[in-house]
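*Asks:* Sequence:
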Amino acid sequence: MSSERHAIIAEGMQALAARDHARAAELLRSVAAAEPPSDFPWPALANAELALGRNDAAEAAIDRQLALAIRDVGALLLKGLLRERAGDARAAMSFYRTAQAQMAFDGRVPPELAQLEAHARAYLASASDDFTGHLLGELGENLSPAMREAVDLLTGKRQVFLQQPTMFYYPGLPQRRFYDPAEFPWLDGMLAQVPAMQQELADVIAGGDQGFDPYVRHNPDRPAPANHLLERKDWSAFYFWRDGAVVEDNASRCPATMAALELAPMPVSPGRSPNAHWSSLLPGTHIKPHCGMLNTRLICHIPIRTAPNCWLRVGSDTRSWEPGVPLVFDDSIEHEAKNDGPQRRVLLLFEIWRPEVPEEDRAAIARIFQAIGSYASG
Numbered sequence: 004m005s006s007e008r009h010a011i012i013a014e015g016m017q018a019l020a021a022r023d024h025a026r027a028a029e030l031l032r033s034v035a036a037a038e039p040p041s042d043f044p045w046p047a048l049a050n051a052e053l054a055l056g057r058n059d060a061a062e063a064a065i066d067r068q069l070a071l072a073i074r075d076v077g078a079l080l081l082k083g084l085l086r087e088r089a090g091d092a093r094a095a096m097s098f099y100r101t102a103q104a105q106m107a108f109d110g111r112v113p114p115e116l117a118q119l120e121a122h123a124r125a126y127l128a129s130a131s132d133d134f135t136g137h138l139l140g141e142l143g144e145n146l147s148p149a150m151r152e153a154v155d156l157l158t159g160k161r162q163v164f165l166q167q168p169t170m171f172y173y174p175g176l177p178q179r180r181f182y183d184p185a186e187f188p189w190l191d192g193m194l195a196q197v198p199a200m201q202q203e204l205a206d207v208i209a210g211g212d213q214g215f216d217p218y219v220r221h222n223p224d225r226p227a228p229a230n231h232l233l234e235r236k237d238w239s240a241f242y243f244w245r246d247g248a249v250v251e252d253n254a255s256r257c258p259a260t261m262a263a264l265e266l267a268p269m270p271v272s273p274g275r276s277p278n279a280h281w282s283s284l285l286p287g288t289h290i291k292p293h294c295g296m297l298n299t300r301l302i303c304h305i306p307i308r309t310a311p312n313c314w315l316r317v318g319s320d321t322r323s324w325e326p327g328v329p330l331v332f333d334d335s336i337e338h339e340a341k342n343d344g345p346q347r348r349v350l351l352l353f354e355i356w357r358p359e360v361p362e363e364d365r366a367a368i369a370r371i372f373q374a375i376g377s378y379a380s381g
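So the sequence shown is residues 4 to 381, counted in our numbering.
In short, the hints are calculated from the structure, not lab data. Treat the hints with caution; some may be incorrect.
DSS-like, lysine-lysine: derived pairs with alpha carbons at most 25 Å apart [unchecked claim]:
no. : residue 1 : residue 2
1   : K291      : K341
2   : K341      : K236
3   : K160      : K236
4   : K160      : K291
5   : K341      : K160
FRET-style restraints, in silico, Cβ to Cβ [claimed, not checked]:
no. : residue 1 : residue 2 : range
6   : P292      : D59       : 53 to 59 Å
7   : L157      : A125      : 17 to 23 Å
8   : T321      : A185      : 19 to 25 Å
9   : E14       : L157      : 46 to 52 Å
10  : A153      : D206      : 45 to 51 Å
Each residue gets a CB set at the ideal place from its N, CA and C atoms; glycine is no exception.
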């Protein structure tokens, strides 16, 4: 770049900073063709042209920048704005979303782009509603739950969440977030025991909550988990079965609960399962998004003490706990829970085999974990 052309570009940039857009565009245009494309400030020229209402010229300039740097966040946002002004909503959404994805990858929104990024977010929200309305107008409202979710995924209202167990993945299982309780007839017998279990819980609480311990504990033989609920009773557990053994002190106080658990087909693996406990969540407590260790089990919740404004999200599906309504879900899919209400929530939590896992593989999986345990113990 010659010193003369360098001086002209510098003067053009100064004019742009002073909001003298006409002067900035004139100066930058005068040397644009003479400079190597990689050395020229195409976004500056695009912004000057845009301010003058010369959208086609602005787009031509920003296209030059994108040809050099296809993931330039500022260029992507500006291209989205220009496509928006041209009435090309689909292209505008595409460029805005690509810019958002890049900013998420970078972990930051450049301060100088904050206003344009906020505009892009607002536009995407509005455009998504318009697009959804258009699609539903063409499809009609009589859609199956699966098709309704497919439309939400297409329009960005929901995300795809898949099984991501942290330890053991069994391939080929269906990606189901929640199961219909009617698929497990033995739940009816457990629900019949709920009044007796509620009385047992009331007695334990009246006795000072003895037996409830923080759910997130630190094993001194392992690194402490990076969990904000570590050693806190905001999320606590009253164990009936733990790592394959009955917790006798708790079990003896709650015979109805133990009888109910006898009806559940819980996995049996010495030193590892069954596991079953009351799970208590105090007001304001948030169990942050996480995934379970393996995808060969389902987690069952039987509400014992429901509370308003409590919710469980599994993937893109959010439920609340209602009296007499079990929740059965795959915890290897990202999930979280929160008590947004003023009252304590308590449920009976236990695990069962996924029904799709055949018996011979269940036995093999149990042997895998026995082998892991024997290796860990030397």
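*Asks:* Determine for every hint whether it applies to the structure shown.
*Replies:* Structure-based check of each hint:
no.	hint	in the structure
1	K291 / K341	holds (8 Å)
2	K341 / K236	holds (14 Å)
3	K160 / K236	violated (35 Å)
4	K160 / K291	holds (21 Å)
5	K341 / K160	holds (21 Å)
6	P292 / D59: 53 to 59 Å	violated (45 Å)
7	L157 / A125: 17 to 23 Å	holds (20 Å)
8	T321 / A185: 19 to 25 Å	holds (21 Å)
9	E14 / L157: 46 to 52 Å	holds (49 Å)
10	A153 / D206: 45 to 51 Å	holds (48 Å)
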